[in-house]
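Visitor: With chain P held as given, fit chain U onto it using these hints.
Chains as they are written, first to last, in the working numbering: chain P, 1 to 98; chain U, 1 to 459.
Because the hints were derived from the structure by calculation, they are not lab data.
Hints may contain errors.
Said to hold, decoys possible - Partner residues aside, some chain U positions facing chain P, computed with beta carbon under 10 angstroms: (1) Q149; (2) Y157; (3) T168; (4) I169; (5) F183.
To be verified - Chain U regions said to be covered by chain P (calculated; three or more residues, Cβ under 8 angstroms): (6) 158–167; (7) 185–195.
To be verified - Over 12 angstroms on every C-beta distance to chain U, these chain P residues come out as not near it, computed from the model: (8) T8; (9) T10; (10) P12; (11) Q32; (12) W35; (13) F54; (14) T74; (15) D78; (16) I85; (17) L88.
Where is the CB? At the ideal position from N, CA and C, for every residue including glycine.
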Amino acid sequence: MSTHPFITLTCPAGIHWVWDSGQVIIVDEGTQNTWHLRGFDALAWDYLMLGTSFHDLVTILSALMDLPPQEMETRLADCLRNWQIGGLLQQKEEAVHG
Amino acid sequence: MLDQKTVPTEVFVIPITEQCDLLYAPLHQFSALVNPQATRQLQQTISNGAPYAEALQPILTSLHAVSLAPIPVRSGPLNDPYFLGLIPTRGCNLACRYCDFEPPEKDGRVMSLSVVRGAIDAYLHLLFDSARTRGEIHFFGGEPFHTRQPVIAAVEYASLRAAELGLTIRFEATTNGIYDPAFCQWIADHFDAVVLSLDGPADIQNLHRPARDGSPSSAIVERSAAIFSQSNLELVVRACISGATASRMPEIAAWVADNFSPTALCFEPLQPTLGSAAAGLLPPDPWDFAENFVQACRLLDERGIEAVYSMADISQIRSSFCPLGKDALIVGPDGMISACYLLPSAWEEQGLDLVIGRLAPDGLDLDPAAVQRVRLLAGREKPLCAGCLCLYHYAGGCHVHHSTNPGKYDNACIQARTITIARLLHGLGQPALAAAWLSDRPRLQRSILQPSDRLFQQN
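Just chain P, same shape as in the assembly:
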């Protein structure tokens, strides 16, 4: 039996965001910190907020950006890590046995 951990990332309470003129503006209601995501970061965030899985996002963005999937996976993982560190995302861990 093996365990595959699936990680679900969500926005913490108090994080609000809007898409405006090609950029994502994120506001932390509690700290009043703001972030402006543009370009690749905005694209990745937008896809994630539509509920796109990490795996699908790697596939889609590899095809669109013409990058090898492994390189795209690393780039996206860095994005997600930075957003978690910055408090824009938090994780819920679920274990699936299969």
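Guide: Below, chain U without anything else, positioned relative to chain P:
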């Protein structure tokens, strides 16, 4: 003294009443109401310099002023595209009773991400190389959002690449409104304009446009209309009008104005198909359609909403009613590039070939001969339209579905002509005259069915 060398030829006259003619010169952006004696005097003065009453001087001055030129046929390489059209799929999640598109099980092709990327890269580089700063990407179907991945990818990728090139892209879609609220909000956030098909209140919408399983669609579409109304995008509601709903056009206009916030409400008469015939849906009587459109227009005008009948747009001069002839690049699911967003079978049935190229690995592979053939098609002679005041607006209508061979004015012509004239009368501050004219069917028909509107007959 008038310059006899600048004789205005594109002048049209329509008898409105026994005492009153409408004079219209579209290339001079001029219209006037004159009595029949003045019409005769204008003919004689312009054609052979006969003396004229002083009261006609302003009209003659306007008609002899420099005019707009008819739109010339384009030539040379295609480097200034009208817009990029993307057809992500021909599939759809509704079973509209008047639709002539194949069901998705017959054509399930979906645009791949490589076609999305290739089309957008090629289009953006065309804009960049032509020193343009703005572009437009339009989505068609079927229902373009029926498969979300290509549309989302196209919008996200085009936004990213456009920003890198210093370009601004406007996104527009023609859609049926069938999606969940979260995705509807995504559309509202990312698109600049949406043409939403909504035929009217629930009884009309559900009769005309049921889901594939026969269930009603009105609640979902109305929810989407409400979300779009609360957003910043330009919402155009498009209502298809059948024989049974023509008399309800003012009611539909009021209902849309009361419940949503569109910038425009576009009425389109039902085009007969096998499906519509089987469902017992008939096209509207053209006279009823025109009269009710004008009533709806008055109501919408009071609410700050534009009433649109696309065949009677007098705001611009054009040689083609549609994207055809304007170098639009419309990419199908398989990467074929054509000048028209209709099904290829539709134009092939008319003996037309509107394919202009294909998407290749290194960009657009356009056939220059095909591009020019399509341009010439748009600018061809249209015998049916030669004497019609709508020549420079309706411009013969749909190149696929509307014949402009010699003959009698058909329903589309009657609608276009009637609404155009009514609009001109309103523009001259004569709504009462327009209403009286519209309600006098014999007089209306004499105006509309005259074989030529030209003040001067062409040789």
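Visitor: Now, for every hint given, state plainly whether the structure supports it.
Guide: Structure-based check of each hint:
Residue-level restraint check for Q149(U) holds (minimum Cβ-Cβ distance to chain P is 7 angstroms; threshold 10 angstroms). For Y157(U), the interface hint holds, since its Cβ comes within 10 angstroms of a Cβ in chain P; the closest pair sits about 5 angstroms apart. With a cut of 10 angstroms, the hint placing T168(U) at the interface with chain P holds, because the nearest CB-to-CB distance is about 9 angstroms. Among the interface hints, the one on I169(U) holds; its C-beta lies about 9 angstroms from the nearest C-beta in chain P, closer than the 10 angstroms criterion.
Look at F183(U): its Cβ gets to within about 7 angstroms of chain P, closer than 10 angstroms, so that hint holds up. Closer than 8 angstroms: that is the beta-carbon criterion, and the stretch 158–167 of chain U has 5 residues meeting it against chain P, so the requirement of 3 holds. Counting residues of the stretch 185–195 of chain U whose beta carbon lies closer than 8 angstroms to any beta carbon of chain P gives 3, which reaches the threshold of three, so the coverage claim holds. The Cβ of T8(P) sits about 17 angstroms from the closest Cβ of chain U, beyond the 12 angstroms cut-off, so the non-interface label holds.
Listed as outside the interface, T10(P) is consistent with that label: its C-beta sits roughly 14 angstroms from the nearest C-beta of chain U, beyond the 12 angstroms cut-off. With a least beta-carbon separation of about 19 angstroms from chain U, P12(P) lies farther than 12 angstroms from that chain, consistent with its non-interface assignment. Separation of Q32(P) from chain U is adequate, the least Cβ-Cβ distance of about 23 angstroms exceeding the 12 angstroms criterion. Consistency note on W35(P): stated as away from chain U, and its beta-carbon is indeed over 12 angstroms from all of that chain's, at 17 angstroms minimum.
Once the 12 angstroms rule is applied to beta carbons, F54(P) is consistent with being away from chain U; the minimum gap is 16 angstroms. With a closest Cβ-Cβ approach of about 19 angstroms to chain U, T74(P) is found to remain outside the 12 angstroms limit, as its non-interface label requires. Under the 12 angstroms C-beta cut-off, the non-interface status given to D78(P) relative to chain U holds; the minimum distance is some 18 angstroms. Even its closest Cβ contact with chain U, about 24 angstroms, leaves I85(P) beyond 12 angstroms, as expected for a residue assigned away from the interface.
The claim that L88(P) lies off the interface holds: its Cβ sits roughly 18 angstroms from the closest Cβ of chain U, which is beyond the 12 angstroms cut-off.
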